[in-house]
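Protein chains in written order, with numbering that gives the first Met the number 0: chain A, 0 to 189; chain B, 0 to 640; chain C, 0 to 101.
Misleading hints may appear alongside valid ones.
Sample of chain C residues facing chain A (criterion: CB under 10 Å; computed from the structure) [stated by the list, open to error]: (1) V10; (2) N28; (3) F33; (4) F34.
Calculated from the structure, these hints are not laboratory results. Heads up, the beta-carbon is just placed ideally off N, CA and C, and yes, glycines get one too.
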Amino acid sequence: MFEAIAFYLFAFLTIAMFYIVVTTKQALYALTALAAGMIFISAFFFILGADFLGAVQIIVYTGAVMALYAFGMMFFDSTRDVKEKQGNKFIVVGLATLAAVLVVVIFAAPMLSENIVAFYPQLEGVGNTQQVGLVLFTKYLIPFEVAAVMLLVAMVAGIVLAGKKMDLSLTLMNAEEIEEAEEKNKKVLS
Amino acid sequence: MEKYLYIALFAPLVSSLFSALFTATPKKIFTGIIGSSLIFTSFVSSFILLVYILQGGEPVHVEMMTWMATGDLYIPFGFVVDQVSVTMMMVVTLVSTIVHIYSIGYMDHDKSFNRFFAWLSAFVFSMMILVMSDNYAGLFIGWEGVGLCSWGLIGFWFHKESATWAANEAFIMNRIADLGMLIGIFLVYWNTGTLQYDGAFEAFKHLDTATLTWIGIFLFIGAMGKSAQFPLHTWLADAMEGPTPVSALIHAATMVTAGVYLVIRSHELYDLIPHVGLFIASLGTFVALFAASMALVNRDMKRIIAYSTLSQLGYMFAAAGLGAYWVALFHLMAHAFFKALLFLGAGNVMHAMHDELDPFKMGGLKKVMKWTWIMMTIASLALAGIFPFAGFFSKDTILEAAFAEHHYVIYAVLLFTAGLTAFYSFRLVALIFHGEERYKIFGIHPHEAYRFMLIAMSPLLILAMIAGILQEPFFNMVEEVLNAHEYHIHSHTTLWIMLVGTQIFVGLAILYAYKKYARPGIKVPDGTSATENSFMYKLLLNQYYIPYFYEEYLVKPYREISEIFWHKIDLKIVDATVDGVAKLIYATGENTRDMQSGNLSTMLKWMVAGTVGLLVLAVVFGLAVRYSDEIMVILSGLGVM
Amino acid sequence: MMEIGLNHYLVLSTILFAIGLVGVMRRKNLLLLFFATEILLNSVNIAFAAISHYYGDLTGQMFAFFVIAIAASEVAVGLGLLIVWFKRHGNIDLDTMTSMRG
Chain A
0 MFEAIAFYLF AFLTIAMFYI VVTTKQALYA LTALAAGMIF ISAFFFILGA DFLGAVQIIV
60 YTGAVMALYA FGMMFFDSTR DVKEKQGNKF IVVGLATLAA VLVVVIFAAP MLSENIVAFY
120 PQLEGVGNTQ QVGLVLFTKY LIPFEVAAVM LLVAMVAGIV LAGKKMDLSL TLMNAEEIEE
180 AEEKNKKVLS
Chain B
0 MEKYLYIALF APLVSSLFSA LFTATPKKIF TGIIGSSLIF TSFVSSFILL VYILQGGEPV
60 HVEMMTWMAT GDLYIPFGFV VDQVSVTMMM VVTLVSTIVH IYSIGYMDHD KSFNRFFAWL
120 SAFVFSMMIL VMSDNYAGLF IGWEGVGLCS WGLIGFWFHK ESATWAANEA FIMNRIADLG
180 MLIGIFLVYW NTGTLQYDGA FEAFKHLDTA TLTWIGIFLF IGAMGKSAQF PLHTWLADAM
240 EGPTPVSALI HAATMVTAGV YLVIRSHELY DLIPHVGLFI ASLGTFVALF AASMALVNRD
300 MKRIIAYSTL SQLGYMFAAA GLGAYWVALF HLMAHAFFKA LLFLGAGNVM HAMHDELDPF
360 KMGGLKKVMK WTWIMMTIAS LALAGIFPFA GFFSKDTILE AAFAEHHYVI YAVLLFTAGL
420 TAFYSFRLVA LIFHGEERYK IFGIHPHEAY RFMLIAMSPL LILAMIAGIL QEPFFNMVEE
480 VLNAHEYHIH SHTTLWIMLV GTQIFVGLAI LYAYKKYARP GIKVPDGTSA TENSFMYKLL
540 LNQYYIPYFY EEYLVKPYRE ISEIFWHKID LKIVDATVDG VAKLIYATGE NTRDMQSGNL
600 STMLKWMVAG TVGLLVLAVV FGLAVRYSDE IMVILSGLGV M
Chain C
0 MMEIGLNHYL VLSTILFAIG LVGVMRRKNL LLLFFATEIL LNSVNIAFAA ISHYYGDLTG
60 QMFAFFVIAI AASEVAVGLG LLIVWFKRHG NIDLDTMTSM RG
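Given only the sequences and the hints, what does the whole structure look like? Please build it.
Okay, structure coming up:
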């Protein structure tokens with residue numbers, strides 16, 4: 000019973016938050032609503048017994064990703080209202096609903112009809128985190144490493160794109176060239 | 000012996016292809032020389048084959064390769080040299096060689112010299128295929144080939160509107176007749192299962208008369224077109240637009256005789272349907288008289304000779320129709336010689352008179368052009384049938400055959416036509432060569448043709464004189480093949496009366512012509528004299544208004560219909576449909592171009608829409624697969640599957 | 000109604016996915032478009048976790064991890080590009096970005 004109440008409560012909240020994200024005219028409200036929605040989604044993970052996943056959701060998604068968005072927001076003029084030209088609402092909503100329903104139908108159909116054999120069954124008596132660790136570092140090791148490389152690449156890309164004077168390499172130039180570059184920069188700025 | 004067959008057949012082809020290499024270059028005399036040499040080679044091979052056949056050799060029969068072997072139809076490229084075809088081969092190659100040599104001189108100043116020889120040799124090749132083929136399909140190939148080369152040669156000077164018109168007329172009329180011939184060939188195949196002569200003729204014996212009649216009639220329709228019988232005769236006179244050597248070769252000696260050859264070759268068929276033969280003979284007789292009447296008043300030198308050819312073709316068909324095939328073939332041979340000689344002589348006159356064609360504007364040319372005068376006079380004597388020249392032996396035998404078969408009407412008409420023939424031939428000779436020199440009024444300075452041209456014409460002259468003695472050996476040669484029999488008129492006195500009477504009649508006609516036209520004081524008619532305005536004269540001069548009739552009632556309505564079809568149907572419907580398809584595609588492209596607005600939001604919407612579409616399809620098909628049995632039940636209930 | 004089954008979670012996931020799609024199609028501000036993309040990814044995560052729970056299989060959770068990892072890196076790179084664009088053009092309104100007009 001508690002499960003049912005929790006489910007419906009969080010479901011309602013999540014839908015409300017995401018609805019705000021999609022429809023509000025102010026960017027800051029959208030950001031805040033998104034962060035809240037993320038937290039509520041982690042609640043779902045806890046309900047489902049995926050503890051580790053829930054924790055990761057809060058830390059990574061709400062913490063890191065939303066913080067990233069927040070920093071990004073500082074660049075843009077977010078007090079202005081977002082002007083939007085509205086298309087036909089019905090087409091948009093209708094298409095979206097249809098797409099969602101179809102995707103679920105297609106992917107759920109096999110599962111609902113046959114008996115599924117679990118590849119990596121959950122073991123009794125062991126905590127979720129430990130189980131996740133076991134599977135992650137044995138069966139899913141390669142995807143793990145690849146994901147790590149990908150994160151590295153994304154980090155470097157983010158720095159290069161957003162940083163200043165990223166076309167010069169300070170470690171490869173000698174002292175005179177660095178001074179020259181600074182002189183030029185000063186002249187440009189003043 | 001086969002190699003002689005192949006040499007005779009393919010030497011003209013080699014000559015044609017060789018000359019064709021130079022069609023775009025200015026005159027090169029070696030095309031003429033090599034062309035003539037190759038045709039002469041063909042003549043020598045044909046002569047060797049003739050000697051071989053005369054000595055009693057078996058006909059040479061080769062099958063070069065298979066043309067079609069589909070289902071039940073088997074048509075090879077086969078050639079046969081028997082008595083009939085070797086006669087034709089001799090005629091064709093001899094006249095062709097002479098014409099080739101003559102043309103070197105005649106086309107001297109023409110800038111399309113090389114192209115002329117290419118066409119001319121191609122014609123000879125097609126004619127050889129026609130006469131040497133051993134099945135109806137090969138004959139038809141040659142038939143079409145000579146039609147094509149005739150078109151190319153009549154319209155040789157294609158800058159002239161009249162020449163191209165005449166070429167088209169000839170080709171189209173031939174085509175119309177070829178439809179009949181094709182139907183005939185189809186009928187032959189349908190009823191006998193083969194197109195080979197020997198096979199078909201065997202099978203003909205077992206067919207019923209009605210079928211044979213149809214086959215005979217349709218094949219003869221083809222012959223009518225090629226040999227210019229009424230009503231498909233107008234093209235022959237107009238074909239004189241081509242150069243004179245062309246007229247000599249094609250429209251005197253070879254192409255127009257292809258129809259006669261067809262009838263002679265199919266004699267086994269026509270023997271079985273004598274009523275069709277009688278129709279052919281009657282038509283031939285009619286044409287003989289018809290053409291001779293038009294030649295009486297004509298003022299175009301080559302046209303007179305053309306009508307003469309038409310008339311003689313009528314004689315040949317009369318003979319063939321009466322069953323006297325060997326006589327027809329013999330007359331074909333003799334006629335080729337003296338008619339070609341006449342045309343070549345006319346060519347000399349034309350060249351001398353700077354292409355003037357009206358004999359009234361000439362006169363007294365015998366002083367300047369002695370040899371041409373002699374040749375044309377002898378040729379005309381042969382044409383008229385005066386003893387001992389060639390025409391006497393062939394024409395008189397036709398008259399005897401008509402009389403002996405008790406077709407007195409045909410006999411009478413042919414006899415009368417013989418008189419007319421003599422009259423108009425010598426009218427021409429008298430106007431051109433005798434009398435006072437009217438050409439001086441027009442400031443023309445004529446001269447005789449080149450010596451080598453005269454030398455080239457001399458074999459024809461000799462043959463025109465002596466071909467009569469070849470009648471007996473010829474008869475012996477073809478006796479078996481053509482079911483030939485001599486014509487005996489029962490009473491000896493009747494025979495003598497006929498012979499002498501014919502000669503006197505013809506002689507009187509010649510003298511009358513000389514009297515009328517060789518006297519001084521002839522003026523160039525200018526449309527004012529009483530004779531010119533008389534009804535008969537105008538009727539004959541306008542060819543009985545038949546060309547006018549064709550033009551008004553056949554050509555013009557056809558052109559109208561064509562225009563209607565072009566504007567209303569072709570442009571509006573066919574073109575519109577094709578253009579419509581293109582326009583539709585183009586419009587689709589134009590309208591979907593708006594999809595690429597560059598706006599990411601719009602594109603995202605389209606992306607979702609596309610994905611939804613694909614997903615719907617996936618679900619529908621998945622469901623269809625899942626419930627396929629039930630769907631089949633429903634559909635079969637509806638009666639669809 | 001009381002018994003929460005897999006279907007409930009799947010319906011929830013569907014609704015969230017639809018909301019995300021609406022956002023993707025509707026939003027003209029590029030940053031807000033990214034927000035809508037996040038919603039899409041999260042709805043999918045819920046679906047994975049739910050299936051994993053109801054079938055006793057850990058594969059779903061693994062997948063959800065990797066989705067989170069990828070989403071994080073995508074945000075990093077995406078924002079970087081967005082900043083560069085903003086520096087160059089001064090606004091991030093989709094309706095002005097039509098240089099790829101066909």
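Hints and how they fare:
no. : hint : result
1   : V10  : 8 Å, holds
2   : N28  : 5 Å, holds
3   : F33  : 8 Å, holds
4   : F34  : 5 Å, holds
Hint compliance for this structure: every hint is met.
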